[in-house]
Amino acid sequence: MEDINNYAYYRLFGYITAVSSHLGNGILIFFTLQNTTVKDPELETLYSILWAYLTIWNVVFQIIYSCLGILCDLPTSLEAKETTLAKNLKSYREWMFTSIILPLCFMVFIIFWIFYIYDRELIFPASIDKVLRKESNHLLHTAILPIVLWEFVFLPKTEPISHKWNLAGAYGCYMTYLYVLLSTFARRGIWPYPILKICYGSIYFPMIIIVTAIMLYFIYYGQWYINALLRGTNVTSKEKVC
Numbered sequence: 012m013e014d015i016n017n018y019a020y021y022r023l024f025g026y027i028t029a030v031s032s033h034l035g036n037g038i039l040i041f042f043t044l045q046n047t048t049v050k051d052p053e054l055e056t057l058y059s060i061l062w063a064y065l066t067i068w069n070v071v072f073q074i075i076y077s078c079l080g081i082l083c084d085l086p087t088s089l090e091a092k093e094t095t096l097a098k099n100l101k102s103y104r105e106w107m108f109t110s111i112i113l114p115l116c117f118m119v120f121i122i123f124w125i126f127y128i129y130d131r132e133l134i135f136p137a138s139i140d141k142v143l144r145k146e147s148n149h150l151l152h153t154a155i156l157p158i159v160l161w162e163f164v165f166l167p168k169t170e171p172i173s174h175k176w177n178l179a180g181a182y183g184c185y186m187t188y189l190y191v192l193l194s195t196f197a198r199r200g201i202w203p204y205p206i207l208k209i210c211y212g213s214i215y216f217p218m219i220i221i222v223t224a225i226m227l228y229f230i231y232y233g234q235w236y237i238n239a240l241l242r243g244t245n246v247t248s249k250e251k252v253c
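Numbering of the sequence shown is given in the working numbering, commencing with residue 12 and proceeding in unit increments.
Among the hints, erroneous ones may be present.
Stated by the list, open to error - Pairs of lysine-lysine residues, derived as DSS-like cross-links and limited to a Cα-Cα distance of at most 25 Å, are as follows:
(1) Lys141 to Lys208
(2) Lys98 to Lys141
(3) Lys175 to Lys98
(4) Lys92 to Lys168
Claimed, not checked - Just the calculated beta-carbon pair ranges, DEER-fashion:
(5) Gly233 to Pro167: 39 to 47 Å
(6) Ser173 to Tyr215: 33 to 41 Å
(7) Glu90 to Lys208: 50 to 58 Å
(8) Ser213 to Pro167: 29 to 37 Å
(9) Phe42 to Lys175: 40 to 48 Å
(10) Gly183 to Leu156: 18 to 26 Å
(11) Phe42 to His149: 13 to 21 Å
(12) Gly243 to Ile121: 47 to 55 Å
(13) Thr28 to Ile139: 22 to 30 Å
(14) Glu146 to Glu93: 33 to 41 Å
(15) Lys92 to Tyr215: 23 to 31 Å
(16) Lys92 to Ser194: 43 to 51 Å
(17) Ile128 to Phe216: 21 to 29 Å
In case anyone wonders, no lab produced these hints; they're calculated from the structure.
Quick reminder that beta carbons are idealized off the backbone N, C-alpha and C, glycines included.
Given these sequences and hints, build the entire structure.
Here you go:
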């Protein structure tokens, strides 16, 4: 139990690192965009549909989750008495991590870097380099993975008997993003990613949606297989997370 208690300090370190790095990077990008978009119509368009980028969704979710994690673990680190609210927050934290945070992070990381390496113009045009330096790009698309892996290792979790609520969260988030994506195109006639513009109207467009939905499924269930190997167990009953 003592080792599990010590995990709270590791998690707090991860949460504080995530919040500070994401907020710092976000502020830098915001002010850079403010100073550049006036001179560049293409970047002005990018700035106007930031909410349609899956990368932005991922960063916002990681910040929200990290703040939730701080609320959960700060009382533990201070050896304060655990309240009913704290227990409920910890249960919600585990649900949020396994159903949204981890799957979303892996999807962003995998999809972005596959297309970026193959042809960056399909997903991250070179024009964006005017406002997004290499360091900022890696904070948005690379650093997100170690942040999640750190939490995966130091947040003890057990596989639920039923996955329906977790899958509801994962696919609820996915469907909400699709709605934002399609409604943005319906209102503005703009896709955030060039590959969507290229594929729209062809068989490849629905294929992208189907493939990403399947990818989400395998990422979600894959985490439990890795978790069982890491913990040396496949227990499905709930245990207390200290």
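**Prompt:** Of the numbered hints stated previously, which ones are contradicted by the structure, given in increasing order?
**Reply:** 2, 5, 8, 12 and 15
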